[in-house]
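Engineer: Here the protein sequences line up with chains H and A, keeping their order.
Residues 1 to 114 in the working numbering are what the first sequence lists, from first letter to last.
Residues 1 to 111 in the working numbering are what the second sequence lists, from first letter to last.
To be clear, the hints were calculated from the coordinates, so they are not data collected in a lab.
There's no promise every hint is true.
Per the computed footprint, the stretches of chain H lying under chain A, defined by three or more beta-carbons under 8 Å from a beta-carbon of chain A, are [to be verified]:
id : segment
1  : 64-77
2  : 98-107
Subject to a maximum C-alpha distance of 30 Å in a straight line, what follows is the list of computed DSS-like cross-link-like pairs (lysine-lysine) [unchecked claim]:
id : chain 1 : residue 1 : chain 2 : residue 2
3  : H       : Lys57     : H       : Lys17
4  : A       : Lys70     : A       : Lys26
5  : A       : Lys69     : A       : Lys26
6  : A       : Lys56     : A       : Lys69
7  : H       : Lys57     : A       : Lys26
8  : H       : Lys57     : A       : Lys70
Keep in mind it's a predicted model, so treat the numbers as computed, not measured.
Ideal Cβ placement from N, Cα and C applies to all residues, glycine included.
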Amino acid sequence: GAGVSQSPSNKVTEKGKDVELRCDPISGHTALYWYRQRLGQGLEFLIYFQGNSAPDKSGLPSDRFSAERTGESVSTLTIQRTQQEDSAVYLCASRTGARSYGYTFGSGTRLTVV
Amino acid sequence: SQQGEEDPQALSIQEGENATMNCSYKTSINNLQWYRQNSGRGLVHLILIRSNEREKHSGRLRVTLDTSKKSSSLLITASRAADTASYFCATDQTGANNLFFGTGTRLTVIP
Numbered sequence: 001g002a003g004v005s006q007s008p009s010n011k012v013t014e015k016g017k018d019v020e021l022r023c024d025p026i027s028g029h030t031a032l033y034w035y036r037q038r039l040g041q042g043l044e045f046l047i048y049f050q051g052n053s054a055p056d057k058s059g060l061p062s063d064r065f066s067a068e069r070t071g072e073s074v075s076t077l078t079i080q081r082t083q084q085e086d087s088a089v090y091l092c093a094s095r096t097g098a099r100s101y102g103y104t105f106g107s108g109t110r111l112t113v114v
Numbered sequence: 001s002q003q004g005e006e007d008p009q010a011l012s013i014q015e016g017e018n019a020t021m022n023c024s025y026k027t028s029i030n031n032l033q034w035y036r037q038n039s040g041r042g043l044v045h046l047i048l049i050r051s052n053e054r055e056k057h058s059g060r061l062r063v064t065l066d067t068s069k070k071s072s073s074l075l076i077t078a079s080r081a082a083d084t085a086s087y088f089c090a091t092d093q094t095g096a097n098n099l100f101f102g103t104g105t106r107l108t109v110i111p
């Protein structure tokens, strides 16, 4: 597609429920990133996928968080047993393989845990 | 922390004035990038400067990089109301897979 697409745009869930967030990167972009941004704060790295290599999961805050990506296509970020501190905007970005290019971000999913 | 820090946290100027934002970081980098964010949603890539470059221009944007001081600045000339947004610096650090984003500068341009 023309840009990075994320769905849903907004999600309200009850504490303890599982949620799944989706990211559809730009076609041909081999690198895909998930970040979390709490209100008024900077971006917190969660996970990185590069082609068919093993993902870099070093930013995942707990084992309640997981993500998958099949090849160079769609990625899903799953949060199990959501907590109120999980409330944030979850941003996905993709990039070509070359590090000399910037990221293209999606519009994010605003997650509210009540 | 591996994150950069922007200064100031907030900046308010009149339309037509220049806006300068600064970024400091702590590690060795491959490049440094600036992004803009409107309304707390997706970020837009503005400009990338490599570690061996000292200055770069793009339209009304001018970025400088001083690797000896581990700092960068973003200058927006002849600001417009539409420039109102948060601006983030991000570092591509040696040995890391991801960009590290700073805390952002909230710019308000008053018409």
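Engineer: Are the hints correct? Go through all of them and say.
Structural biologist: Checked hints:
1. 64-77: The restraint on the segment 64-77 of chain H is violated, since only 0 of its residues have a Cβ under 8 Å from chain A and three are required.
2. 98-107: The restraint on the segment 98-107 of chain H holds, since 9 of its residues have a Cβ under 8 Å from chain A and three suffice.
3. H/Lys57 with H/Lys17: Within the cut-off at roughly 22 Å; holds.
4. A/Lys70 with A/Lys26: 6 Å, holds
5. A/Lys69 with A/Lys26: Given pair A/Lys69, A/Lys26 holds - Cα atoms ~9 Å apart, limit 30 Å.
6. A/Lys56 with A/Lys69: 17 Å, holds
7. H/Lys57 with A/Lys26: 23 Å, holds
8. H/Lys57 with A/Lys70: The given pair, whose Cα atoms are some 27 Å apart, holds under the 30 Å limit.
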